[in-house]
Structure formats: C-alpha cells, structure tokens
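Whenever a hint applies, use it, and build me the whole structure from the sequences.
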Amino acid sequence: MFTATLVLTILGLVLGWLLGLAARLFAVEENPIVNEVEAMLPGSQCGQCGFPGCGAAAEAMVAGTAAVNCCPPGGRALTESLAQLLDVDLNSLGDAPVPLLASIEESLCTGCTKCYKACPTDAIVGATKQLHAVIPQACTGCSKCKDVCPENCISLNPEPVTLGTWHWPKPEAA
Amino acid sequence: MFGFGKIRGGVHPETHKDLTAGRSILQQLPLPRQLHMPLSQHAGVAATPLVGVGDRVLKGQLIARAAGSMSANVHASSSGVVSAIGPIVAPHPSGLPATAITIDTDGEDRWVTLEPITDPFSMDPDTLAARVEAAGIVGMGGAIFPAAVKLRQGRRFEIQTLIVNGSECEPYLTCDDHLMQERAEAVVDGARLVRHIIEAYRVVIAVEDNKPDAFAALTKAAAPHGMVEVMTVPTQYPMGSAKQLIQAVTGREIPAGQRSNDIGVLVHNVGTVFAIQQALRYGRPLISRVVTVAGGCVQSPHNVEALLGTPLRELIAACDGLKGSPARLLMGGPMMGQIVPALDTPVIKGCTGLLALTQREVNAHAPAPCIRCGRCVDACPMGLVPLEMARHSGVDDFEHAQEYGLRDCILCGSCAYVCPSHIPLVQYFEYAKGELKERKQSEQKQEYTKRLISERAARLEQEAAAKAAAKAAKKKKARKSRSRESAES
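Going line by line, the protein sequences match chains A and B. For the numbering used here, count along the first sequence from 1 and bump the result up by 170. For the numbering used here, count along the second sequence from 1 and bump the result up by 11.
Please keep in mind that the hints were generated in silico from the structure rather than gathered at the bench. There could be a bad hint or two in this list.
The calculated lysine-lysine pairs, modelled on DSS-like cross-linking and capped at a C-alpha distance of 30 Å, are [as the list claims (entries may be wrong)]:
#1 A:K340 x B:K444
#2 B:K491 x B:K478
#3 B:K486 x A:K340
#4 B:K486 x A:K287
#5 B:K17 x B:K254
Okay, the calculated bits of chain B under chain A, using three or more residues with CB under 8 Å as the criterion [what the hints assert, rightly or not]:
#6 98 to 111
#7 266 to 273
#8 450 to 462
Note that the coordinates shown come from a computational prediction; the quantities given were computed from them, not determined experimentally. Where is the CB? At the ideal position from N, CA and C, for every residue including glycine.
Printed below as a string of structure tokens:
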C-alpha cells in the first residue's frame, strides 16, 4: 500500500515537472498586439469577417491578411481605432461591409427556441411555441440564428435609416 | 458700456420682417379635417401612445405619454376620432416617415375639463414644474427641449438671472414679436411664474431693438411688477441664440463645454413662457402655437395661431394660397430652418415659421473653392475657425475638426451667409456632427454587446453547474435507494 502511494506520488510529481518544463520550452510566442486587437474586437465570435472567431481575425489583421474594416459589428469607430493602432491608411481601404440586423418573419415563426439558444448576445427573446422577436439594440448581425432556424424565417438586413440616425450627407466637393 | 450688448461676430441679413409685421395674428383658422400629431415633437425619446384606433378623444386630452424624463406629453388639439396611428411624412429634411396619431376631427372642438389654478404663486414650485411637464411644453423657439427638464435643472442651480428670449433674430419670423405685442400681459405673467418656479433674482425680457412696439407693450405690461425688466438688445444675427443673448444681457460668456446653468442664467423663449402661463393659469396643455407664414411665394403673409397637427397646406390656404411654385419650403427661419419635404407634414411644437421662398430669395449658387479670405472667422459668433472645420470635415478628419471647435458650433449659418465662395459650411458641420454621433453610438453598442456576451457566458456556466449538481443529487438518491433495497432483501 505505502509503496504504491509513494510510487504514484513521485510519478505524478516528475511528470508534472516535465509538463511544466515542456510548456516553458515549447511555448508559442504570441504577438502582444494580437491580444490588444482581440480585446478591441466585439468578442462575439460571430464569424462575419470570414475567420472562425475574433482571435483568428485579430491575428490576420496584425499579419496584414485581413482588412481592419472587416468587422461589421464594430463599425467605423472600430475601424478607425484599429487603423490607428496598426498604422493603416484609412483611405487605402475599400468599402466596409455594412452592419446587419436580424429580423424574424412573424407569420413563419413556430417558436422552436433554436435561434435564441444560438444567439451569442441574447438578442432574441421568446419561449417555446411563442413568437420570437429580435432586440435590435443587442443584435450584432452574426447570422447564427439564421443558420439554425428550421423554418427559414430569419433574414438579415442592413440597419434601416430612421429620423434618429439620419444626418446630412457630405456636400459634394467644389 | 462695459461691452454689454455686444456679441462676437454675427451678421446682419435683410430681415424681411415687414411682410408680416403690421398684421395681427390670425386666430380663427378653419378647423382642419384631419390632424396628425407626431409622437416625437421634442428632443429626447418619442412619447408612448395612450389611445387606439377608433377611440374618441377630446380637445386637450392626453393621447401620448412622455417616455422617461427626456420626453414630452402629446395632447389632442381638437376633438374627434383616432383614425390611424402610423407613419406620416415627417417635417424633416430627410423625408423619412415618423409615427403620428391621426385624428379625424368632429367639428365640435370640445374641450376636456381643465383644471385652472387660481393662485399659482401660492403653490409649491415643484408642483408647478410638474404641471408644466404634464402640459407637454417644450422650447418653442425651435430647440424643442422639454421645458420642465429645464425648470428642474434651474431649481438645482442658483439662478441669478432669468432671461426671456424675445430677440427673434431670424429673418422673416415675427411670431414672437406679435405674441409680445398682442399678449404682453400673459408673457409678463408667464415670466413671473417661471421666476417663481426657479427662484431667480432677476428677470429680463430681452427684445431686439427692431421691435419697438413689442418693447412698448411689454414695458407697459411689466410696469406694475417692479421685478420684470424689459431690455433692448442690438439687432444682430444670432442674438436669439441662448449663448449670445446671455453675453449681450449679462456680459458673461459660457465657457466651452458648460451650460447656462453653470453661470447662473436660464433662458426661455417668449413662446415657451406664454405656453407655461397658459398651462398654469388656465390648465391648458400645449395644443397650438403662433406660426409665421411668409416668403415671396405666399399671397398674403400672416402670423397664424395654428393647432398642432394642422397640415402645413392649411396654413398656406389661410394666407390666400401660393403665387407661383416655391423654390424651397422651410420650417423655421431662413438661417437655421429645415427644408420641409411636403406640405402634408403637420405643424409641430417647434415650428416657428413656414416659409415658401422664391428662386430669387433662395439665391442658390454653385460652391467654389475656398479662397481662405477668413470672413467666416470674423462672422462666427462662437469665435471658431469655420474654414478649417469644413476642410477637415470634408476629408473625414473629425479629430482636427473638433480641435478647431466643431463641438462648440451652434450651426447658426453666419459663416455660410458671408462666404463669398458659397461653400455649404453648415452642411459640412451637420455631416461631421452626425458622423461623430454615429461613431459614438456604435462604440456604445460594442460595449453593450461585450457586456451581453460576458453575462451570457456567466449564465451558461451557472446553468451547467446547476445541472451537474442536480445530476449528482439524483445519482446519490438513486444509490441510496438501491442500497436500502438490497438491505431489505
């Protein structure tokens, strides 16, 4: 009994030490800027940028393979702060993807609750066999709800312009 | 004397006030068949409707309640039946729809039972402020800021001077001028009531010196009440802007980023003060206002007392219609007024005027490049550098535009008025301010979604833990019962 305990303990300690050593020796070096960029991104892992998540997008942005304006939920504000951090000329960027909002077609919704379970920001409210609705203030347009909807009743559209969001366009240059 | 009465910059546009100046306010407009009451006629959140389609409403009945503290009540301006609650063309340059309650009037014009106050001066100021709030009164000079919010702010600060703004510096407009001439007693009474609410030491009614009749009427009305001073200020645009008027009356300038409260001054428009008097003395909610209908295309320009919600077309009809097709329709004055997309849009609380301008009056020119003459700098009443602000806004460099004072810009249009190159400077500033607001909103949304994501993660973790605990408990129970069974057997 005693020998077995001793052997297992020593084995555990030695292996643990080896693991620790390996973690130090073979540590993957992370670019601190990647972490900084990732902290600035929304973090909803929505994948609208075409990368599997915000971490991968941050890496691609730092490496220069993704444009700093590829994050639709982040909008202009994020694009500008990223451009400043990564020293990218804003004028060199193409048109940014427009932020989208999900909306549920009321006549088709069966209240299956699949979409609200999938929503990363809890932007859909509803209950079993009850009509579901999207809270536009919380929706990031990630389309996860659309992918799981069995009734195909969710659509993603650009945010409509309202009296509260409309402003004068830039005058045409003389 | 001590530089009082002087403001920085400013312009002297042709006033065109003679169009309507000699004519008294038209009181009895034919009752419109339909009234459209927009839910958002004020700065802040839109009001929440309290009536449904098919409901009967009486004149002065509350039909939409203020949603939160930065909002305002909406009352029916005549009796009738609610026929729709839905989108109408908003009195807004975008031409976008706005939600409104439409009332089919029944022609009876029957009032709800009003609750007048016999002696408001004996009442508690907070109660009076609540009455002003209930009456749905907002800044009637065009700022449409809820009046009760301003009164309550005034109560929190020590207000030395209450200024009643009767300067009316916008060309064409004479609605305040006529209000002061024809209802001077009520304006003075209103000023005393506001003073009572905010407990100011001094009340000044400021009138531009191109309105001698209004000045005389007010002086006469104020004579029995020693505390109300009536004062003339020089005729100069933008004298009617709160910051400029405060400087002209008190000689003090509001520091950048601060408000008039911070230097102990509160400004209310004469129209607002009149509405407050009506609400407190007679219990009348805000359901009508005086509107100047003028411009080269109007047959017989007049000031009209219009029910809120009256389609603009009816106002034109009351002034004998149009001559020729107008080159531009404006709500408000020509300097700061907004383009109206159609004459179907209704009169709202902040509608000071309706102008139908001829091509000659609009005087549009194609913009030419900036020649850096600096006239806009001389004209800016806020002491900013409009040419640099516009240059940076034009290339979306809003940070530099802000450095040159974009935040302090009051959008008065003095710079664009004097610009020899006809550069639409104000549009640049509107664009820049709009973009900055949009950015701020998207940043806020991002913060919000980050919070939501972390809250959801915490919730999922909690749920998983609870599930695991429940499972463990069930297992334990099952094992216990099994061991009991084996013991029994």
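* To do: State the violated hints by number, sorted upward, taking the hints as numbered earlier in the document.
  => 3, 7
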